[in-house]
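If you're matching positions, the sequence shown starts at 106 in my numbering and goes up one per residue.
Honestly, the hints are just simulated from the structure, not real lab data.
Using N, Cα and C, we set each Cβ at its ideal position, and we do this for glycine too.
Treat the hints with caution; some may be incorrect.
[To be verified] Pairwise CB distance ranges, derived in the manner of DEER restraints:
hint: 1; residue 1: 237; residue 2: 337; range: 30 to 36 Å
hint: 2; residue 1: 220; residue 2: 331; range: 33 to 39 Å
hint: 3; residue 1: 280; residue 2: 224; range: 17 to 23 Å
hint: 4; residue 1: 234; residue 2: 181; range: 17 to 23 Å
hint: 5; residue 1: 238; residue 2: 308; range: 26 to 32 Å
hint: 6; residue 1: 238; residue 2: 183; range: 35 to 41 Å
hint: 7; residue 1: 187; residue 2: 293; range: 25 to 31 Å
hint: 8; residue 1: 334; residue 2: 227; range: 26 to 32 Å
hint: 9; residue 1: 194; residue 2: 323; range: 30 to 36 Å
hint: 10; residue 1: 298; residue 2: 219; range: 21 to 27 Å
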Amino acid sequence: MSNQALMCAVLKLQRLEQLSRRSSDKKQTIKRNTMFSMVGFLLMQGALLIPAQAASMAKTGQRVLMIEMTPALCNLQPSRARMRQCLEGYSLTVSGLDLGYGERCGRGSEPRLTPLQLKIVNRIMPDITVRSQAWQRYGVCSPLSASSYFRQIINHAGQLKLPNELNTGNSYTVSKSSFVRQMTRLNSGMTSSSIDLICQDGSRRQSILTDIHVCYEGNDFGSCTNVVDNCGKNFIISGGK
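Just need the whole structure built from these sequences, with the hints factored in.
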């Protein structure tokens with residue numbers, strides 16, 4: 106997942122959504138036309154992340170964006186070998202967004218996204234099973250529609266900046282303190298407590314980074330609770346090579 110590419114993709118999606126709205130049925134009422142043009146403007150400005158109805162119901166408390174180090178997990182867990190992100194060589198993927206409403210609130214319908222939104226979501230969550238699990242585990246518990254839930258993921262992922270070492274395809278041994286400093290330097294408002302780093306032991310008992318959890322308070326960076334933080338002083342970033 107390249108941050109620059111994702112930001113461009115998000116802006117493209119927002120632009121296409123605006124154009125789509127402009128080409129909608131011209132027989133709609135003036136009131137509806139006004140509403141749609143305002144929504145398009147706010148989307149282009151990045152001010153509207155979810156529909157107004159959903160925003161009024163959405164919590165402003167802690168959220169956790171869960172990012173997976175795809176090469177590491179593909180190597181450590183053979184059951185993932187046939188997943189799309191493993192087959193196509195993704196360096197990073199998103200596994201979900203916990204909005205703080207609880208987990209596993211019952212089986213909901215499968216998430217339905219527009220073709221445009223699905224195209225963007227595929228870049229960070231390419232596996233349909235992962236998307237469905239994220240929605241069933243976290244999204245169904247919230248008052249958001251599937252479209253609004255995945256828009257939250259797109260926006261958080263698109264605004265997050267990550268160290269270059271995560272995208273090169275090479276493997277590195279890094280110190281935890283250095284990695285955290287890079288993250289906080291790249292992302293204004295982020296502190297060391299906004300990040301929870303999760304590792305697994307490799308074949309040589311080396312600590313390998315598998316997950317990064319980024320915590321928010323509303324749309325701003327917050328402090329993580331219930332942290333795992335098991336990577337130790339040094340760990341390996343696996344690039345798959």
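Query - Contradicted hints - numbers only - result: Structure breaks hints 3, 6, 7, 10.
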